[in-house]
Every structure is written in structure tokens, then in C-alpha cells.
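Residue numbers (the numbering used here): 1 to 459.
FYI, nobody ran anything at the bench for these hints, they're computed from the structure.
Treat the hints with caution; some may be incorrect.
[As the list claims (entries may be wrong)] Listed next, the in silico PhoX-like pairs over lysine-lysine satisfying Cα-Cα at most 25 Å (straight line):
1) Lys232 with Lys279
2) Lys247 with Lys232
3) Lys397 with Lys353
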Amino acid sequence: MNTYTTDHGEPSSLELRVLHGPQAGSTLPMEHGQTYTLGTADSCAVLLAGTQLEPEHVALTVDGDGIQVMPLEGRVMTLDRGEVHSGQVVSLGTVLRMGRVKLTVDRVAAPWPGDDILEEAEGPAPAPEPQASQAPAHASLASRPVKRRPRPGVSGSRKRLPALVAGACIFLLAGSALAAWITSQSVEEDVPVAPVPTARVSGPKPTVLDLPAFSRGFPEATLQAARSSDGKWVVTGRIASEEGRRKLREAAAALPATPEIRVMLDAERLMAVTQFVDKKRVAGDTELNVERRAAGVIRVTGATASAASLSALLDAARTELAAMSPLEFQVLTRAELPEIFEERLRVNGLTPKFKVVQRTPQLELQARLTGPQVRAWETLFMEFTREYGSVLTVRAKVEHERDGLENQVESVVGGAFPYVVTTSGARVAPGGLIDGRTLLAIRDGELQFSDGLRVRFSN
Numbered sequence: 001m002n003t004y005t006t007d008h009g010e011p012s013s014l015e016l017r018v019l020h021g022p023q024a025g026s027t028l029p030m031e032h033g034q035t036y037t038l039g040t041a042d043s044c045a046v047l048l049a050g051t052q053l054e055p056e057h058v059a060l061t062v063d064g065d066g067i068q069v070m071p072l073e074g075r076v077m078t079l080d081r082g083e084v085h086s087g088q089v090v091s092l093g094t095v096l097r098m099g100r101v102k103l104t105v106d107r108v109a110a111p112w113p114g115d116d117i118l119e120e121a122e123g124p125a126p127a128p129e130p131q132a133s134q135a136p137a138h139a140s141l142a143s144r145p146v147k148r149r150p151r152p153g154v155s156g157s158r159k160r161l162p163a164l165v166a167g168a169c170i171f172l173l174a175g176s177a178l179a180a181w182i183t184s185q186s187v188e189e190d191v192p193v194a195p196v197p198t199a200r201v202s203g204p205k206p207t208v209l210d211l212p213a214f215s216r217g218f219p220e221a222t223l224q225a226a227r228s229s230d231g232k233w234v235v236t237g238r239i240a241s242e243e244g245r246r247k248l249r250e251a252a253a254a255l256p257a258t259p260e261i262r263v264m265l266d267a268e269r270l271m272a273v274t275q276f277v278d279k280k281r282v283a284g285d286t287e288l289n290v291e292r293r294a295a296g297v298i299r300v301t302g303a304t305a306s307a308a309s310l311s312a313l314l315d316a317a318r319t320e321l322a323a324m325s326p327l328e329f330q331v332l333t334r335a336e337l338p339e340i341f342e343e344r345l346r347v348n349g350l351t352p353k354f355k356v357v358q359r360t361p362q363l364e365l366q367a368r369l370t371g372p373q374v375r376a377w378e379t380l381f382m383e384f385t386r387e388y389g390s391v392l393t394v395r396a397k398v399e400h401e402r403d404g405l406e407n408q409v410e411s412v413v414g415g416a417f418p419y420v421v422t423t424s425g426a427r428v429a430p431g432g433l434i435d436g437r438t439l440l441a442i443r444d445g446e447l448q449f450s451d452g453l454r455v456r457f458s459n
């Protein structure tokens, strides 16, 4: 059991004390760092008896040299009638009132609070008891023989009347005072109730696991925590290295309630996801890739033939890869791929060069490209195929623009004023247009155009 330590290094055990209520005088050992729920329900770690208590009234945790109070279904007050709010820490020995029950948590060696400390407010002072000598004094005075001198016209009984009346009044006043004192004492006494068993722990209860605080020691890990069917804490997630997982287990073993560690290495997760992807890959129908991203994230990309195929894939992943988080899926359907392909043509500046002939069931394109444009097209096509495989069939008829020009040149006439004769019979001198391009010069056996294109010729 964990204990506090005094300033001299000596361990000091802690206990829960019931100060007022049906279980007054009961104690229960408490451990540092553990959380105890108090109330009348069987689910509570500590069962209390008394009036105005809720099923799960409050949770108490010994935190440092104080008591962390977390009201659940009921209110918690101090003796000065101040309300204790959730998460508030009060010092050890502070008396807490829950309904008609008063309790505290303190060191075992600490003295119990006196009855004067437990008083919340002073009641009306009881009437003073009548002095025992008053009634007998008057009684003896009334019965004491008095020497009387006879007076004319006054009998002996008339002379004793004042003393008898005074004695009767004193008896009445004394009786009233005694009745008032007895009444005030009976009001202040507790109503007797049947004996109730002392506070007990209803079986082993799992303590609260502060996962954020535990995770702060392992910033490179991604952790989650949940309780298993038997109530024990289980920590899952991922961590980068075997050394990190070993330290994680050592830190978990030092907690008051040691959780079970089911944390996977990133390499183990990557292998499991890759095996899943290989099992689901079908050429032309489901083409998938696995990428390892920052912070241990594994991303699955690719495409499937239909929305039904994608739904079946995700359902299988939820079942077989539930412990592989963080895991992302960016998988498209075949119907979405033509738009993606055309967007990449636009980004590479090739949209004006391509004519879309057909989009479904396959994408058909035609284009006439220069040498640099052909290289850009080939790079784009290879990247698209690597990401999405053959789920989308792309058929493109691409011609080199040089080949198109050569097909339009019939012959070249040299001399001081050279010119080109096209297949249509037109004569084009430098400065003219051939297939929309400006001819700059004819020299050294080449036709030189304004965009840098050079076409060699031979007559």
C-alpha cells in the first residue's frame, strides 16, 4: 500500500474517518493516488449510511497533502457551509459534510476532531437548572415556627398565607425551567436509528487511470485506455521502438492499478496493414498502397471498382485493423478517377493539348505534344498508374508535333529567298505559318520555328 511520508522521512498511513452519522467511529484505510467513490449504491467503493445521501455521491482522491473532491450526484459542504466544487483540493483533516454524514481523510496518527469542531452553528443556550437549595429553603422557611404576636382581627391562617403563596410560585417556576431544559436537550439529541454496519469496501474496485498524465512521459507514443470486461484497465496504441515499449511497461507497473499494456510497435503495425492490403488487392478491381506518414500514421491509398467494393474494404478494415490506429484510408472509386486525371493534366499545363474523346467505361484522349510536353505526360501517367493501378483504363493517342510538321512539308526550296512548299501546295517563307507555328529561318538543313522547335529536312 502506498503511504505518505512525513518531513522526517517516516511513512504515514491514511484513513477515511466517519465523524457523524449512523456509522460514526468507522475507519477505512486509504492509499495515495487512488480514487474512492462514496455513496449508497453497490457500485461505490465505500458504502455509506445516512440521510440525504445520493447513490454515487462523491469521489475522493488523496492528492499530495490534500483531498481532491469530485462531487458526482450530490453536494459536498464544509462546516462553514461553503460548497466544495469539482476538482477542489482541501487539506487533510478538513471535515466534509454530505447530507447528514460528516467525514474526513487524515493520517492514522492524527487526533480525531473534538465535538466542538464538528458544531456547525451554536444552538440556543439551555435554561439554567434550578438550584437545589431554593425549594427546600422556601419550604423550610414556610414551615419554620414563627413567633407571632396576636393582632386584633387577624387569624393565624391569614398570617401564614403570603409564605404559602410564595412557596407555591417558586415550585411552579422551578418546574417550568426544568421542563424547558429537558425539552431543549431532547431536540438536540439525534433520533436513535438501528445499528448500521461500518463502512466497507465492496470488493476490489479499479482506480481511475490518468491517461493524459501517464502519456506525458511518452510524447512519441499514441495511447488510448479502456476498461476490459473484468474492470481492469487496458492501454492500447502505438510506439516507435522496442526500447520505448519496455519503458512504457515499467512505468505502468509502478501505477497503483497496473494496466495491461497492448501497445504495438510501428513496424508491427506497418507489417499487419501491408498484409491486409496484399490480401485485398485484386488487379483491375482493387489497387491499394500503404504509406507511412509522420507521428506513426499509416495511410492506405488507391482505388476500387465500385462504392460497394470500397464499403466492403472499410468494413473489413474496422474488424481486422482495429488495433492499428492511427490509420487513414484515402481510397477512391473508379467513377472518381477521370476527374482526378484531368485535374493533373491541368496542373501540368497539358489540358489545352488534350482532347477527351470518352470518359466511361474508359478514359480516351488524343494530343499532339512537343518533346518537353511528352516527358511531362509520361511522368504524369506513370505516377497515376502507381497510385491507382489499372482500376481506370486510360487510352491516349499522343503524336509528336515534329511528326505533324514533317507530314505537312512537301519540299524546301533554297537560294537567296528560301521557302517551304507544303503538302497543300502553299509556299511559306520565313515569317509565315505552318500548322499554327511561325517559321523563323531556313538554314543548315533545318526549319527553325519561334517556339524553339527545329525540324531537319532533306530534299
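Structure-based check of all given hints:
1. Lys232 with Lys279: Violated, at about 35 Å.
2. Lys247 with Lys232: holds, 21 Å
3. Lys397 with Lys353: holds, 12 Å
Of the numbered hints listed earlier, the single one contradicted by the structure is hint 1.
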